[in-house]
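**Q** With the hints as your guide, set chain B onto chain A.
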Amino acid sequence: DAEITQSPRHKITETGRQVTLACHQTWNHNNMFWYRQDLGHGLRLIHYSYGVQDTNKGEVSDGYSVSRSNTEDLPLTLESAASSQTSVYFCASSGSGTPLNYTFGSGTRLTVV
Amino acid sequence: GDSVTQMEGPVTLSEEAFLTINCTYTATGYPSLFWYVQYPGEGLQLLLKATKADDKGSNKGFEATYRKETTSFHLEKGSVQVSDSAVYFCALMNSGGSNYKLTFGKGTLLTVNP
Numbered sequence: 237d238a239e240i241t242q243s244p245r246h247k248i249t250e251t252g253r254q255v256t257l258a259c260h261q262t263w264n265h266n267n268m269f270w271y272r273q274d275l276g277h278g279l280r281l282i283h284y285s286y287g288v289q290d291t292n293k294g295e296v297s298d299g300y301s302v303s304r305s306n307t308e309d310l311p312l313t314l315e316s317a318a319s320s321q322t323s324v325y326f327c328a329s330s331g332s333g334t335p336l337n338y339t340f341g342s343g344t345r346l347t348v349v
Numbered sequence: 007g008d009s010v011t012q013m014e015g016p017v018t019l020s021e022e023a024f025l026t027i028n029c030t031y032t033a034t035g036y037p038s039l040f041w042y043v044q045y046p047g048e049g050l051q052l053l054l055k056a057t058k059a060d061d062k063g064s065n066k067g068f069e070a071t072y073r074k075e076t077t078s079f080h081l082e083k084g085s086v087q088v089s090d091s092a093v094y095f096c097a098l099m100n101s102g103g104s105n106y107k108l109t110f111g112k113g114t115l116l117t118v119n120p
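So the protein lines, in turn, are chains A and B.
Its first residue numbered 237, the first sequence is counted upward by one per residue in the numbering used here.
Its first residue numbered 7, the second sequence is counted upward by one per residue in the numbering used here.
Calculated from the structure, these hints are not laboratory results.
Careful: at least some of the hints might be erroneous.
Computed list of lysine to aspartate or glutamate pairs in EDC-like fashion (alpha-carbon distance at most 16 Å, straight line) [what the hints assert, rightly or not]:
hint, chain 1, residue 1, chain 2, residue 2
1, B, K107, A, E295
2, B, K112, A, D274
3, B, K107, B, E21
4, B, K107, A, D237
5, B, K58, B, E75
6, B, K66, B, D90
7, B, K62, B, E48
8, B, K112, A, E295
9, B, K55, B, E14
10, B, K83, B, E69
11, B, K112, B, E14
12, B, K66, B, E14
It should be emphasised that the depicted structure is a prediction, and the values quoted were computed from it without experimental measurement.
Next comes chain A alone, as it looks inside the complex:
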């Protein structure tokens, strides 16, 4: 069965370190998204991509970057982790023919100490 997987599920890192969160989907979806979930804020969009080599900034993109070298993967990199980036991160994907139908990963809980 097709799926979207995130890794790791949990990560603790130190302030200033570079961290990469993985997102891999086997739906062959063109659209991929990264959100962060924080209490009192709901989910906020970090970056998104509508296809290979396409990346776009969302509303809270400062301190994050993404790259899209193939259809399946959209890794999220925190260039220099900060305590304000402690959060739960969700990856999602949707198809070009069914853009309203999102599939979400199970999330990565990141703690920056």
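**A** Just chain B now, kept in the frame of chain A:
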């Protein structure tokens, strides 16, 4: 820009009680509207959606009607169960111009007691 405002929680109900979670939105054009549910420790799952005015989305006993005149999409269920305990998110997608981003409300935690 687009925004979603939903009822602040938490909401605590007894089993078989009636549930309403209010959601209103601000958007240009004709957005699609969604309710997502997040069970503890899991990702988000689509609960229901509506893509045009007066559409009613329904699933698992939950319903919501797209009301353009009041820019609302309130979630209702006639009789909640303990298994409905979760966080509920209202969201919109304003797909004009091939924009497929979701804008979420802040979420409402629902706890149903036996």
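**Q** For each hint, tell me whether it holds in the structure or not.
**A** Outcome of the hint check:
{"no.": "1", "hint": "K107(B) with E295(A)", "verdict": "holds, 11 Å"}
{"no.": "2", "hint": "K112(B) with D274(A)", "verdict": "holds, 9 Å"}
{"no.": "3", "hint": "K107(B) with E21(B)", "verdict": "violated, 35 Å"}
{"no.": "4", "hint": "K107(B) with D237(A)", "verdict": "violated, 25 Å"}
{"no.": "5", "hint": "K58(B) with E75(B)", "verdict": "holds, 12 Å"}
{"no.": "6", "hint": "K66(B) with D90(B)", "verdict": "holds, 10 Å"}
{"no.": "7", "hint": "K62(B) with E48(B)", "verdict": "violated, 26 Å"}
{"no.": "8", "hint": "K112(B) with E295(A)", "verdict": "holds, 15 Å"}
{"no.": "9", "hint": "K55(B) with E14(B)", "verdict": "violated, 21 Å"}
{"no.": "10", "hint": "K83(B) with E69(B)", "verdict": "holds, 6 Å"}
{"no.": "11", "hint": "K112(B) with E14(B)", "verdict": "holds, 8 Å"}
{"no.": "12", "hint": "K66(B) with E14(B)", "verdict": "violated, 23 Å"}
Hint check: violations occur at hints 3, 4, 7, 9 and 12; the rest are consistent with the structure.
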